[in-house]
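These protein sequence lines map, in sequence, to chains A and B. The first sequence begins at 1205 in the working numbering and counts up by one. The second sequence begins at 51 in the working numbering and counts up by one.
These aren't lab readings, by the way, just hints derived from the structure by calculation. Beta carbons are placed, not taken as given, at the ideal position from N, Cα and C, and that holds for glycine. A portion of the hints provided could be inaccurate.
[As the list claims (entries may be wrong)] Coverage of chain A stretches by chain B, computed from C-beta distances (three or more under 8 angstroms per stretch; other residues unrestricted):
hint : stretch
1    : 1226-1235
2    : 1310-1316
3    : 1335-1346
4    : 1404-1415
5    : 1419-1432
[Stated by the list, open to error] Facing chain A, according to a computed beta carbon distance under 10 angstroms, are these residues of chain B, among others:
hint : residue
6    : 180
7    : 271
8    : 358
9    : 376
10   : 382
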Amino acid sequence: MLRYFLSRAAMAVPTLFIIIALAFFLMRLAPGGPFDSQRALDPDIANNLRRIYKLDRPLLEQFFLYLQSLAHGDFGPSLHWRDFSVNELFATALPISAALGTKAMLVAILVGTGLGWVGAISKGGIGPRLVDGAALFGIVLPVFVVAPLLQLGLGLALHALPVGGWNDGAWPNQVLPVITLALPQIAIVARLMQASLTDALLMPHIRTLRAFGMPRSHITLHVLRAAFPPVVSYLGLAAANVLTGSVVVETIFGIPGMGRYFVDGALGRDYTLVMGTVVVVAAAVLAFNLIVDLLLAWLDPRVRYESRP
Amino acid sequence: MNEPARAAPLSVTAAATRNWPMRTSLAILGLITILCLIGPLLSGHPYDQVYRDYVLVPPSLFAHPFPVEIEDAKAAIARRMHVRIEGARVEGDALHVTLGAGKRIDPRALRAFARSDLFAPAKIAAAGDDGRRLTIDVPLKRMIFLFGTDANGRDLFTRVLIAGRISLAVGLLASFIALTIGVAYGAAAGYAGGQLDSLMMRAVEIIYALPFIFFVIVLVMVFGRHFVLIFLAIGAVEWLDMARIVRGQTLSIKQRDFVAAAEALGATTPAILWRHVIPNAAGPIVAYLTMLVPRVILLESFVSFLGLGVQEPLTSWGVLVADGARNIQGSIHLLIFPALFLGATLGALQGLGDGWRRAGIQ
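Modelling step: build the complete structure from the supplied sequences, incorporating the hints.
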């Protein structure tokens, strides 16, 4: 298991490096610079600014300088938010986004699994329709449609929940964003779960357990273990989807998370800020995929044996 | 030798006749496409025409101006002309007003009526009291705003349909680009095999880990915000799955006898790929394509929602939904109609894809 983990982790490092390099040079390809504004800056001032931020050095040197500071855990100063380093910006924004994302994923997994379970064990009847309905709902209503509708219904019409804002993470402020983020993932998880549970229930070893008269709870555990791999392998993609969805959700609900740095940073050519978000997001996605790989190997021993040289 | 791969049927109509969700989906898609193509011509409003007197009008089946609107507009114009309204009645499609003032009324001031979006130029029917009293006929401009108007006073019906053209066009074109890149890349990797194959697939895996929204944002920045270039950016990030699927197919197809035969007969590699490999992978490719098109439409809306997509006065469903989300308090029709069209299209495309795959399995 450790060996498997190490081989997977070793692959993630070069991947992260290539992503950083790709993002760095792509970003510089885009026209415009961080100090462009409506009124052109005095050329001397602009040159000074560029010198201070070391943007006048050759691109390759800049890249190595960036890698160097990154190795020390320093994302550099923000070019747009003067007097703030990217680390300082992330220190407040990252926990917020992480909290939202984690909760949304948990809700998606729990509700999705529950729905899928209901769909799989009730043949015909209302169960599968419920799953189909949820799936269609998740597809037809994208995040940026669900969010304003929820705001309208629960916030403005019923006055049940605040329409936006973060309010230091008070739970009423978190409900709508988490639901919005989780809904599309619930749809997909429910569908996957239903399909794999239906398969798992028909597997020979489950039939054998039943024939031996094992207790229900025992059988349930085995069924879940057999049914989880497809859902678990989807979770890597789900994490990436939740990350992207959170850009929209944070915009709509006015939440001071990472999302706005993503878009604003790219539009304002805030190179260090954008690079910081890319590094954080890519690292998060890679780490999550690593966890998913480990979970898969734990659930299904064939995975870890096959990967042995 | 392998069994022949079971491919999805390539005839939509054949599959659709057996399958009601697919039929419904096709009907909805066809309806929306036709509406988007000819609707803007029939609506009577250019998509960028601003009606300053009809800002945020709610949707209605009846023709404007309504009596209240006439009342308000008439009073406002009279104030601007510094005249009194001594009598007014609406008769059919015309308004008959009698204006009175302390001094002679300058007939040129009547242009105020023509400047309004409610009235056509006024004609003087009778003048009396030394020109201090005018009786005029003002024809009404009858207009229907089926879906209401937006915050700039533009007809939402026309705009939703124009947006549909853009969204559908971007969906198709971006999918086509993703298809081209993905099929070429996947077939090349699968056919080459060995070191080159694993290298190429490793690259795909790396791009997978890149947060795609960042990728799209940077590409939009590099290319500029022109609508023709947005589908390039989207197509450039959505080809990864296609490449994987085609590679997988190619790996099994290249083991088959007819490929060996073609090789033996001296066919060139591109010819083998084009004539033998890709056509045999068509089933899974088409099946995946039905999933790709809604994804691309959604992605375009997403990018537009963030303000990085199509620019005003052109519009897409994402832009309109973003507009609606900003105006939910009071003018909910701005959100409902574009969301309805977007949702119906996504749902129908999904239903089509599901039906297709199910038909392929049977």
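So, going through the hints one by one against the coordinates:
1. 1226-1235: holds (count 7)
2. 1310-1316: Per the Cβ count (0), the hint is violated.
3. 1335-1346: Contact hint for the stretch 1335-1346 of chain A vs chain B: holds, 5 residues under 8 angstroms.
4. 1404-1415: It is violated, with 0 qualifying residues against the three required.
5. 1419-1432: Contact hint for the stretch 1419-1432 of chain A vs chain B: violated, 0 residues under 8 angstroms.
6. 180: At 57 angstroms from the nearest chain A Cβ, residue 180 of chain B fails the 10 angstroms test, so the hint is violated.
7. 271: 4 angstroms, holds
8. 358: Holds - the Cβ of residue 358 of chain B comes within 10 angstroms of chain A, reaching about 7 angstroms at its closest.
9. 376: Interface hint status for residue 376 of chain B: holds (9 angstroms vs cutoff 10 angstroms).
10. 382: 7 angstroms, holds
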